[in-house]
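All chains, please: the whole structure from these sequences, using the hints.
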Amino acid sequence: MSSPVGGLRNVKIFVLYLMENIGYPLDYLTINDIVMQNDYVMYLDFAQAFTEMSDAALVEVCGKDALGNDLYCVSEKGRCVAEELQSDILPAILKHSMRCALRYLDFRKRGVSLDSDVQKTGNGKYRVHLVMREKEEVIFETALLVDSAYRAQEITRHFRDMPEVVYKGTMAILSGDASYLDQ
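Read left to right, the sequence shown gives residues 10 to 192 (the numbering used here).
Please note: incorrect hints may appear among the correct ones.
Listed next, the in silico SDA-like pairs over lysine to any residue satisfying Cα-Cα at most 25 Å (straight line) [what the hints assert, rightly or not]:
{"id": "1", "residue 1": "118", "residue 2": "42"}
{"id": "2", "residue 1": "129", "residue 2": "166"}
{"id": "3", "residue 1": "144", "residue 2": "129"}
{"id": "4", "residue 1": "177", "residue 2": "73"}
{"id": "5", "residue 1": "134", "residue 2": "157"}
{"id": "6", "residue 1": "86", "residue 2": "118"}
{"id": "7", "residue 1": "86", "residue 2": "103"}
{"id": "8", "residue 1": "73", "residue 2": "107"}
{"id": "9", "residue 1": "129", "residue 2": "94"}
{"id": "10", "residue 1": "177", "residue 2": "122"}
{"id": "11", "residue 1": "134", "residue 2": "144"}
Quick caveat, the hints were computed from the structure, so don't treat them as lab data.
In structure tokens, the structure reads:
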């Protein structure tokens, strides 16, 4: 089964597009995180595509981060490939993915941290408590009562995987601007 953007060729184009448009070097885990933001690419396809792009010199190591991890950039060859083949993926998918990637990177840069807790209540339900902090100041906090442990874990997983989406969505709904659902 291939990724929603198509086969490995399209996965490579997708990754190159995001990396090139972000415009600064990224480590492998961050690249993985930004690619996975919208479920357009499956992890195994990403891993295989990234290895092939590295082997084909479409991406290259262009530095190290503070922890000594390799930082990757799109090579000149990769830039040419991405420009020539970009039209294989719907522009709306590329634009949406780029917005999500930039939002994700902004949250990381701002030092947003997350806490979540699930507790079983006396009546067989589960209380999910979610907290988001920016530099130790609480910027988001909510508690939900749900009917199953599975649902509680899914909410917690989604909160941890895509906190910027949860934050933006909650702010939009509570402020009366639910148009974010159309994006």
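* To do: Quickly compare the C-alpha distance for residue 129 and residue 94 to 25 Å and report which way the hint goes.
  => violated (51 Å)
* Taking only the CA atoms, is the gap from residue 177 to residue 122 under or equal to 25 Å? -> Holds. Residue 177 to residue 122 sits at ~15 Å (cutoff 25 Å).
* Asked: Given the proposed pairing of residue 118 with residue 42, does the C-alpha separation stay at or below 25 Å?
  -> Holds, at about 14 Å.
* Starting from residue 134, check that the Cα of residue 144 is at most 25 Å away, please. => Violated, because 32 Å separates the two Cα atoms, which is more than 25 Å.
* Do the alpha carbons of residue 177 and residue 73 lie within 25 Å of each other, as the hint requires? -> violated (32 Å)
* 25 Å limit on alpha-carbon distance, applied to hinted pair residue 73 and residue 107 -> holds (24 Å)
* To do: Take a quick look at whether residue 129 and residue 166 sit within 25 Å of each other, Cα to Cα.
  => holds (17 Å)
* To do: Below or equal to 25 Å on CA atoms is what counts here, so check residue 144 against residue 129.
  => violated (30 Å)
* Asked: Has the given pair, residue 86 with residue 103, been kept, meaning a C-alpha gap of at most 25 Å?
  -> holds (20 Å)
* Asked: Between residue 86 and residue 118, is the straight-line Cα distance small enough, at 25 Å or below?
  -> Since the Cα atoms of residue 86 and residue 118 sit roughly 29 Å apart, the hinted pair is violated (cutoff 25 Å).
* To do: Quickly compare the C-alpha distance for residue 134 and residue 157 to 25 Å and report which way the hint goes.
  => holds (6 Å)
Violation of the numbered hints given earlier is confined to hints 3, 4, 6, 9 and 11; the remaining hints are satisfied by the structure.
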